[in-house]
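Novice: Here is how the chains run, residue by residue.
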Amino acid sequence: MDTAVPASGHGEHAAASHIDEERKVRLGMLFYVLTDVTFVIFMLVAYPWLRSYNTDQGWFPFQHMRLPDQGTTVTLLLLMVVSAVFYFIGYMGIRAGNQWILRIGMLISLVLMLIALVGQIRFMGSQQFSTGDGTFADTWLLFSGYHIYHLLWATFLGLGVTHRAFRGRYTKEKHLGVVTIGYFWYWAALTPILIFILMTALPPKL
Amino acid sequence: MRKLFPSYLTGAILAIIGYIAGSQFVYHRIGSDNQPAGPNFTEQGMVVGFALFFIGWLIGIGALKYPFTWLLALKDPDHEEEMRLAGKDAGIIRYFKFTTDHKVVGIQYLVLVLIMLGFGGLGALLIRSELMRPGALLFPTETYNTIVTMHGMLMILATITFFIGPFGNFIVPIMIGARDMAFPRLNALSFAILVPAIVIFLSIPFWGYGQANGYGGGVQTGWTVYGPIATQTGMGMTALATAVILAGFSSILGAVNVITTIITMRAPGMRWTRMPMTVWGIFGAALLAALGTSSFAVDLLLILLDRIYKTSFFAASTGGNAVGAGGGNAWLSQNLFWFFGHPEVYLIVLPAFGIVCDVVAVFSRKPIFSYKMGVLGIMGVCVVSFLVWQHHEFVSGWAPELRFWYMATTELISVPTGFVFLVLLGTLWRGRIWMTLPMMFALSFLWNFVIGGLSGVFLSDVPLDVQLHGGMFVTAHFHYTIVGGALMCFFAAVAYWFPKMTGRMLDEKLGWIAFWGIQIGFNVAFLSMFIAGLQGMPRRVADYDPAFATANFITSIFAFLLIASVALYFYNIVISWVAGKKAVANPWGALSLEWQTPTPVPLENFEEIPVVTSAPFQYTQETVEAEAAAEPAAGQAAG
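Sequences listed follow chains S and D, in order.
Quick note: the first sequence uses our numbering, first residue 22, plus one each step.
Quick note: the second sequence uses our numbering, first residue 755, plus one each step.
Rather than coming from a laboratory, the hints here were simulated on the basis of the structure.
Accuracy of the hints is not assured; some may be wrong.
[Claimed, not checked] Here are the simulated lysine-lysine pairs, DSSO-like style, with alpha carbons at most 30 Å apart:
id: 1; chain 1: D; residue 1: K829; chain 2: D; residue 2: K819
id: 2; chain 1: S; residue 1: K195; chain 2: D; residue 2: K829
id: 3; chain 1: S; residue 1: K193; chain 2: D; residue 2: K829
id: 4; chain 1: S; residue 1: K45; chain 2: D; residue 2: K842
id: 5; chain 1: S; residue 1: K45; chain 2: D; residue 2: K829
id: 6; chain 1: D; residue 1: K829; chain 2: D; residue 2: K842
id: 7; chain 1: S; residue 1: K45; chain 2: D; residue 2: K1336
id: 8; chain 1: S; residue 1: K193; chain 2: D; residue 2: K819
id: 9; chain 1: D; residue 1: K842; chain 2: D; residue 2: K1335
id: 10; chain 1: D; residue 1: K1263; chain 2: D; residue 2: K1335
id: 11; chain 1: D; residue 1: K1263; chain 2: D; residue 2: K1336
id: 12; chain 1: D; residue 1: K819; chain 2: S; residue 2: K195
id: 13; chain 1: D; residue 1: K1336; chain 2: D; residue 2: K842
id: 14; chain 1: D; residue 1: K819; chain 2: D; residue 2: K842
id: 15; chain 1: S; residue 1: K45; chain 2: S; residue 2: K193
id: 16; chain 1: S; residue 1: K45; chain 2: S; residue 2: K195
id: 17; chain 1: D; residue 1: K819; chain 2: S; residue 2: K45
Turn these sequences into a full structure, and let the hints steer you where they fit.
Specialist: What follows is the structure, encoded as structure tokens:
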């Protein structure tokens, strides 16, 4: 392998000259989210799989068992969607150079995320069924648990990005953190929609 | 003394405190009994303990400092601080800290991998001692099964790591002309996650023995850990699942980093078609790790939930809260496992393909024959590997109508593999072969992997697989691919890059003795195992019919030779590292970028980022002739 003249000078300046830092960070975050997407897909596979086999009628063993309340499910889902919308508004704000739109957008999206987190935990704990009550109950609790993990992670990231927004750490030119955390935020909002579609498209009771 | 705060020492202390706090919290505040219908508090305590063990470790080594700096919006570290974190002027202590320099992380991985291989080899020694003669000789069958499981899983973890870890970290960034990995902290974190994973894994035999309740000790499932057997086996299973989920997380983070580094950090002029084959191999493996590992992680997560919370993902009936509860399906576990489990073989082998291509090109003094065909071969295997997993379930009863399709795809994968072999043979053809230790191991890869690959074609064939499934033929086949293929290539890679990584030459004489011991020991042991398999001997048994005695005796004797020779090779690594001959910057006369840097490699690799103007290994007739004229000097330099 032949090498010719050096590309540039020493240290981080040399790196900056030929490496697109923004592309690097975006790509890294996208790949990270992609690995989470694959995890969710493999988890979701369990639902139609176990439902279709319904081994020993164990999918939904108690016909009198109450299903999770649809109204609460939709409310929690909408909270996530609206949170993602406010996140996007905040992002558009900083893209236009408006610090206040960023701050308000991030704050509202974080608060909504926190409400969704608390609501999801309460919702999970208030079901009539628990683990060991058939595979529908098990998969529902699995998805809820993983969703809570998503919400916890998103809350941590949201705290950081909101705090930094209020400290003026993002500018019109430099707001990569808002962009990349947004990838996870939107994915965390999309996941319950996917779960909802799956559980609606395939009604739990056989 | 201040240098030890934070370090692995403080990490270990906080990890132990974390484990005690977590497990005791569960036992004293939540529950300590283990009712058949309720949660299993004993193992819940274990998992919470492991979680705090892990978090304590990360806090203790200082890995969480930056996330909280970011959270609190404190000042971002400047270049000087980044260099300090990378171990600048830290001396040898930087190998025992959370260090971001990719070369330090590469060395850390290398040492950990050698330790893992050492423990895995110890398992092999115990297994072959037990199987030397018929009759249960050394261990109760439960203990034997635990040893088999641990040997299998630990070796798989080691082999998944032994290319991407040491060489993907140390060599790849330099090979592509980068100063570091794309995300240095993530890189250090990947390694930092693997350490507690391995510690938890090695604790498996100690869980559950003598427990009045629970499932007893060890893990008796084999490395495939199928549900619901995994739910019914010893408490070690909980440690295994936690450890492997952590190792998988480490692998995913490492893979994301490697992919991003290769895509975005290449030096100017380093086009995709100018990357060394090693980089292609590691790139393909990283893609497999990023996309496939989650499947196994989900499998293990469901196993943990089945064990601890009495869910029933895999068991038809669990004795849960009500009569009739259950509904689990064992095929789900098998599919989740093998969707990862088969690509995982290629995850191990793809870097081997790339490294062997590069080593053969360097020591044949020729450009790689049909470079693009080699790349097509590697990436072709990468894609097709996701379409073959069902062949592991030909006899499981699941979806028999899919057998033909999966037989076809499995046989199809030999086509891109064949491309790589054609490239290797074409590169060797009329080359000026230099028989060094790396080259010999690379050539042994050719021989061994052909046997492993061809016996794999047998197993992809449904009628034959129905006969051979679950027998020693399968064990011999995958040992030919993983040990004969990948491990030989790992030894080649160690010998080849040892001078760059350590600044010393590997002792050739000891290396050659070990090489021949390894080849003879390995081939006789596993050819003999093929015979035992064809005779009908099942795998994973501590005792067997005397009809298989001769084949097993031969296998054990030559396995001991193999293990002793590998131990000699390890000894050679240690002794050469400590007191080997000093290496010059480019002892092999190689042309790729890592050999154009000084030895030891400076902290930022290159004083000035190079501009690449040609494809790798552009040996010309003139350079080879010039080298031939100066051969004595070159030989001297190589030691």
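Novice: Work down the list of hints and note, for each, if the structure agrees.
Specialist: Hint check:
| no. | hint | result |
| --- | --- | --- |
| 1 | D:K829 - D:K819 | holds (12 Å) |
| 2 | S:K195 - D:K829 | holds (16 Å) |
| 3 | S:K193 - D:K829 | holds (19 Å) |
| 4 | S:K45 - D:K842 | holds (25 Å) |
| 5 | S:K45 - D:K829 | holds (22 Å) |
| 6 | D:K829 - D:K842 | holds (21 Å) |
| 7 | S:K45 - D:K1336 | violated (37 Å) |
| 8 | S:K193 - D:K819 | holds (28 Å) |
| 9 | D:K842 - D:K1335 | holds (25 Å) |
| 10 | D:K1263 - D:K1335 | holds (13 Å) |
| 11 | D:K1263 - D:K1336 | holds (16 Å) |
| 12 | D:K819 - S:K195 | holds (23 Å) |
| 13 | D:K1336 - D:K842 | holds (23 Å) |
| 14 | D:K819 - D:K842 | holds (18 Å) |
| 15 | S:K45 - S:K193 | holds (19 Å) |
| 16 | S:K45 - S:K195 | holds (15 Å) |
| 17 | D:K819 - S:K45 | holds (23 Å) |
The structure is inconsistent with hint 7 alone, although it conforms to all the rest.
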